[in-house]
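Asks: With chain W fixed as given, assemble chain Z onto it according to the hints.
Spelled out from the first residue to the last, the chains are:
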Amino acid sequence: MFVIIMGCGRVGARVASAMSRGGHEVLILDVNASAFDRLDADFGGTTVVGNGIDMDVLRRIGIERADAFLACTQGDNRNIMASQIAQHIFNVSKVVTRIYDPLRQDTFKALGLEAISSTVIAADRFIEVLDPDLVQEGLAVDRA
Amino acid sequence: MYVIVAGGGKVGFYLAKELVEHGHEVLVVESDARRAAEIEAQLGSIVMCGPADEARVLRDAGAERADLVCAVTGDDEDNLVICQVAKARFHASRVIARINNPKNAEIFHKLGIDDTVSATDVVLSVIEQELPRQHLIPLLRLRHTDVEVVEAIVEEGSTIAGRRLRDVALPKPCTIAVILRDDAVIFPEPDTPILIGDALIAFTTSENEGPLRKALLGE
Chain W
7 MFVIIMGCGR VGARVASAMS RGGHEVLILD VNASAFDRLD ADFGGTTVVG NGIDMDVLRR
67 IGIERADAFL ACTQGDNRNI MASQIAQHIF NVSKVVTRIY DPLRQDTFKA LGLEAISSTV
127 IAADRFIEVL DPDLVQEGLA VDRA
Chain Z
193 MYVIVAGGGK VGFYLAKELV EHGHEVLVVE SDARRAAEIE AQLGSIVMCG PADEARVLRD
253 AGAERADLVC AVTGDDEDNL VICQVAKARF HASRVIARIN NPKNAEIFHK LGIDDTVSAT
313 DVVLSVIEQE LPRQHLIPLL RLRHTDVEVV EAIVEEGSTI AGRRLRDVAL PKPCTIAVIL
373 RDDAVIFPEP DTPILIGDAL IAFTTSENEG PLRKALLGE
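If you're matching them up, the sequences are chains W and Z in order.
Counting with the numbering used here, you get residues 7 to 150 for the letters of the first sequence.
Counting with the numbering used here, you get residues 193 to 411 for the letters of the second sequence.
Isolated chain W (complex conformation) (with noise of 0.2 Å):
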């Protein structure tokens, strides 16, 4: 599978390393060099400089023949953005969508996108340590 990681943040760059040990062809994109800091030392994949939002880039590193997108930088609109380009522009199959803010999550519904809010993810498991019962009467919900 070809795989573009938008973004090598500390989340990006795991990924990234992870794909690419697992066999995996990955291409990760950041604005600024110094990210790829973060990668694995034998990373096999391809690391290019540029931004996601640029339909020039992301032609120039081949996202027509990509199988997969994730879109994974600081920005929540700047990911909201790129996954929506990857999926409706390139017809990309699978497009998944990073984002910190739940109150966007609807946002990323409403327009058809798979996002995963680390945010909703990492205070779910905080209460399920802090709380097991909370979890498991459903209290941990986000009210937003």
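Keep in mind that the hints are not guaranteed to be accurate.
Subject to a maximum C-alpha distance of 27 Å in a straight line, what follows is the list of computed DSSO-like cross-link-like pairs (lysine-lysine) [stated by the list, open to error]:
hint, chain 1, residue 1, chain 2, residue 2
1, Z, Lys209, Z, Lys279
2, W, Lys115, W, Lys100
3, Z, Lys202, Z, Lys279
4, Z, Lys302, Z, Lys279
5, W, Lys100, Z, Lys302
6, Z, Lys302, W, Lys115
7, Z, Lys209, W, Lys100
8, Z, Lys295, Z, Lys202
9, Z, Lys279, W, Lys115
10, Z, Lys302, Z, Lys364
11, Z, Lys279, Z, Lys295
12, W, Lys115, Z, Lys295
13, Z, Lys364, W, Lys100
Here are a few chain Z residues that face chain W, going by a calculated C-beta distance under 7 Å [said to hold, decoys possible]:
hint, residue
14, Glu269
15, Ala280
16, Leu334
By construction, these hints were calculated from the structure, which means they are not laboratory data.
All C-beta atoms in this analysis are idealised placements derived from N, C-alpha and C, irrespective of residue type, glycine included.
Replies: Relative to chain W, chain Z alone:
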């Protein structure tokens, strides 16, 4: 008319000011509290502090009854999301997005936002009108010689578009060394066709620059 202006930078500020002067009801939504206070000091209580890309904020701003939502922050991705939320969730009658990268007009259109305004495009169009379109771009002069390397872009309407290189009457001495076509570099043969959009890289003497321009660009 009730207009929500998302983004209180310079564009948002002057847009709001003009709209108020024209008698419209305006609300500026600005996420930075200090900037919001500055605008309020100058334009009065028509400012709301909060991130306009959040549905909650747009709802509180009254996006449902807005006749127009203008997303004019400095970031294209923010403007896209603001317009999409206003349209999809609150059925705003009309949305307009400011864009910085002119190529985003196409993306926005495909993602359902039809009205975009690009300052970059406006400036470009002024430049294009004022510059003579058909000109040779000097790239470099070879050391201690009279020989220049120039570039000519083959525009629409060019008399040589579609012809083979052998059929183009070039002044002598003069050579078309390379053709740049999209991302490709072509070392032309006599049979190589010349297409609209090609960048022709030519070697010529200074003396022949005028005749070459005439031959390639029809000036």
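Asks: Against this structure, judge whether each hint is valid.
Replies: Structure-based check of each hint:
About 24 Å separates the Cα atoms of Lys209(Z) and Lys279(Z), which keeps this hinted pair within 27 Å; it holds. A hinted pair counts as satisfied when its Cα atoms are at most 27 Å apart, and Lys115(W) with Lys100(W) qualifies at roughly 15 Å. At most 27 Å may separate the alpha-carbon atoms for a hinted pair to count; Lys202(Z) and Lys279(Z) meet this at roughly 24 Å. About 14 Å separates the Cα atoms of Lys302(Z) and Lys279(Z), which keeps this hinted pair within 27 Å; it holds.
Under the criterion of a C-alpha separation no larger than 27 Å, the hint pairing Lys100(W) with Lys302(Z) is consistent with the structure, at around 19 Å. In summary, the hint linking Lys302(Z) to Lys115(W) is supported, as the alpha carbons are separated by about 18 Å, within the 27 Å threshold. Taking the CA atoms of Lys209(Z) and Lys100(W), the gap is near 45 Å; set against the 27 Å cutoff, the hint is violated. For the suggested pair Lys295(Z) and Lys202(Z), the alpha carbons sit about 23 Å apart, so the restraint of at most 27 Å is met.
Among the hinted pairs, Lys279(Z) with Lys115(W) is consistent with the structure: their alpha-carbon atoms are about 14 Å apart, no more than 27 Å. With a CA separation close to 50 Å, the supplied pair Lys302(Z) and Lys364(Z) exceeds the 27 Å bound. Proximity of Lys279(Z) to Lys295(Z) is assessed by CA-CA distance (about 22 Å); at most 27 Å being required, the pair is judged to hold. Of the supplied pair hints, the one linking Lys115(W) and Lys295(Z) holds, its CA atoms being roughly 26 Å apart against a limit of 27 Å.
Restraint check: the Cα-Cα separation between Lys364(Z) and Lys100(W) comes to about 58 Å, which exceeds 27 Å; the hinted pair is violated. Hint status for Glu269(Z): holds, given a least beta-carbon distance of 4 Å to chain W, under 7 Å. With its C-beta approaching chain W no nearer than about 5 Å, Ala280(Z) sits inside the 7 Å limit, and its interface hint holds. At a threshold of 7 Å, the smallest CB-CB gap from Leu334(Z) to chain W is about 32 Å, leaving the interface hint violated.
The structure is inconsistent with the numbered hints 7, 10, 13 and 16, although it conforms to all the rest.
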